[in-house]
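**Q** Sequence:
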Amino acid sequence: MKHILILVFLSSLLSARPIEPSPTDQQIISYTFNEQFDQAKKLCQEQINSNPNSPKYYYYLINTKMMEYYQKVSELDPEKRDEARKILNKEIIDYCEKVLERFDESKLNTENKFYYGTIYAYLARIYGVDASWWSAFKSGKKAKSTMQDILKADSLFYDAYLILGMLEYYADRMSGITSFIAGVLGLSGDRDIGLNYLKISYEKGSLTFGQTALTLIEAYSSLEGNETAALPYFEGFLNRYPKNKRTLNAYCRTLMNLWNIKKVESIIKSDKDNLVDDYTKARFYDLTGNSALAIQYGEMALQNERKLYRGGGNAARHIIVFNSWLAGDYLKMNKYEPTLTERYKTAFAEAKKFEKETKWLRELTIQIAADKPVSAIENYSKSKPDFTSLKGFEDEYNILIGSFYFKNNVYDKSEYYFNRSINSPDDRGRYTAARYLLDLYMKQTVDKTKVKNLLKIIDNIDNSRLSYRSKDLEKKYNL
Numbered sequence: 032m033k034h035i036l037i038l039v040f041l042s043s044l045l046s047a048r049p050i051e052p053s054p055t056d057q058q059i060i061s062y063t064f065n066e067q068f069d070q071a072k073k074l075c076q077e078q079i080n081s082n083p084n085s086p087k088y089y090y091y092l093i094n095t096k097m098m099e100y101y102q103k104v105s106e107l108d109p110e111k112r113d114e115a116r117k118i119l120n121k122e123i124i125d126y127c128e129k130v131l132e133r134f135d136e137s138k139l140n141t142e143n144k145f146y147y148g149t150i151y152a153y154l155a156r157i158y159g160v161d162a163s164w165w166s167a168f169k170s171g172k173k174a175k176s177t178m179q180d181i182l183k184a185d186s187l188f189y190d191a192y193l194i195l196g197m198l199e200y201y202a203d204r205m206s207g208i209t210s211f212i213a214g215v216l217g218l219s220g221d222r223d224i225g226l227n228y229l230k231i232s233y234e235k236g237s238l239t240f241g242q243t244a245l246t247l248i249e250a251y252s253s254l255e256g257n258e259t260a261a262l263p264y265f266e267g268f269l270n271r272y273p274k275n276k277r278t279l280n281a282y283c284r285t286l287m288n289l290w291n292i293k294k295v296e297s298i299i300k301s302d303k304d305n306l307v308d309d310y311t312k313a314r315f316y317d318l319t320g321n322s323a324l325a326i327q328y329g330e331m332a333l334q335n336e337r338k339l340y341r342g343g344g345n346a347a348r349h350i351i352v353f354n355s356w357l358a359g360d361y362l363k364m365n366k367y368e369p370t371l372t373e374r375y376k377t378a379f380a381e382a383k384k385f386e387k388e389t390k391w392l393r394e395l396t397i398q399i400a401a402d403k404p405v406s407a408i409e410n411y412s413k414s415k416p417d418f419t420s421l422k423g424f425e426d427e428y429n430i431l432i433g434s435f436y437f438k439n440n441v442y443d444k445s446e447y448y449f450n451r452s453i454n455s456p457d458d459r460g461r462y463t464a465a466r467y468l469l470d471l472y473m474k475q476t477v478d479k480t481k482v483k484n485l486l487k488i489i490d491n492i493d494n495s496r497l498s499y500r501s502k503d504l505e506k507k508y509n510l
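In our numbering, each residue's number is its place in the sequence shown (first place is 1) plus 31.
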């Protein structure tokens, strides 16, 4: 009897092992996340033809279509984007619903239930993008119950936590009518639980690494403005899928935002497949003071403006105009200046009006980008022009020098300079100062009075990214 119990126990362990993708599955996954969509779809369809009674390769095909969807949307003409997105949404919705009609969930094993339930989650996401909220939450609720059933049957099926994490996190981010509908259907979420579930899937899942990494990148980088927290997920994803151009360029932009310019330089130099896009190079050369290449790549970026992220074209024009002015190429400057947005026109007019101050800040930027030591930056700062009557220039200096000290772990000086700009009239400057102070108070333990003051400022800024991240401060300081 004892031996029988041992065998039963061992059998249960074997049946509960995490599902490992087959070589064919791995090839599909690699094609998909390396943005080789045609190869991925072809291989999926071959497997569907061979195994039409399993949801597995429908799941992989829909995953590929979803990845391709975001690329297609980003490349649409802005004036046609909404209409074209509706068409793409309908194509995926119709396909998902047609696939789901093929299967009876009660007849599926645990692995196939996962594929089936994830298709419901994909359907929920596209319904959400389409603003069809009732359908989105109904599909999401079905996906959630399926994943919960999977974990009851097999507690080691860690990939199920991807869908549960997404539903918890995104439901917590909703407000207004969408939050009401979610609540009616029992889909109220919890940010902390959602992030924890996503991390379980990322660390222990065997099927969903790529999608989980991208979800964590989106959560931390786009939705919470916590780019430092996003870095390990960027790096983990790109280690496996180095040919994903969209993610690689987002990673480079994030590194530049965090002043890790040397790493971007290394990526550009080793880019044998020409994956780093022209806008990323234009911004890199702008930061490092190479005006000729900044202009060259800025113009090249505008040749394919549709493929730039939203606002990328306007930023590229400003890079061209500003660097043409610095280089004395007034013909090119005059060509592009009329195409600047009002914000960039105002900024450029200020730069020309206060040329000495602008060029001094430009040199400070170049030195920080060159990773000069603290002593060199402090020595250069002794020649700082008098910005007393130039609030915008003073704020720009405070943000630059504050971020420099933060990167070099000189937190007391970093805090001092960000506090000087926390009440800046410029929304971007105020947001940046608050974001860095939030990071500082999370890294260190400071007096609660400072934290309370920052939380009040964040409330006044009324920025959803800061508001969500401020929950971490409240938790840490028991406020």
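Heads up, some of the hints might be wrong.
In silico DMTMM-like links for lysine to aspartate or glutamate, alpha-carbon gap of 20 Å or less [claimed, not checked]:
hint : residue 1 : residue 2
1    : 172       : 136
2    : 274       : 402
3    : 173       : 221
4    : 300       : 336
5    : 169       : 185
6    : 183       : 161
7    : 138       : 128
8    : 438       : 402
None of these hints come from the bench; they were simulated from the model.
All figures in this text were calculated on a predicted structure; none of them were measured in a lab.
**Q** None of the hints should be skipped; say for each whether it holds.
**A** We went through each hint and held it up to the structure:
{"no.": "1", "hint": "172 / 136", "result": "15 Å, holds"}
{"no.": "2", "hint": "274 / 402", "result": "28 Å, violated"}
{"no.": "3", "hint": "173 / 221", "result": "18 Å, holds"}
{"no.": "4", "hint": "300 / 336", "result": "24 Å, violated"}
{"no.": "5", "hint": "169 / 185", "result": "24 Å, violated"}
{"no.": "6", "hint": "183 / 161", "result": "32 Å, violated"}
{"no.": "7", "hint": "138 / 128", "result": "18 Å, holds"}
{"no.": "8", "hint": "438 / 402", "result": "10 Å, holds"}
The structure fails to meet hints 2, 4, 5 and 6 from the earlier list, while all remaining hints are met.
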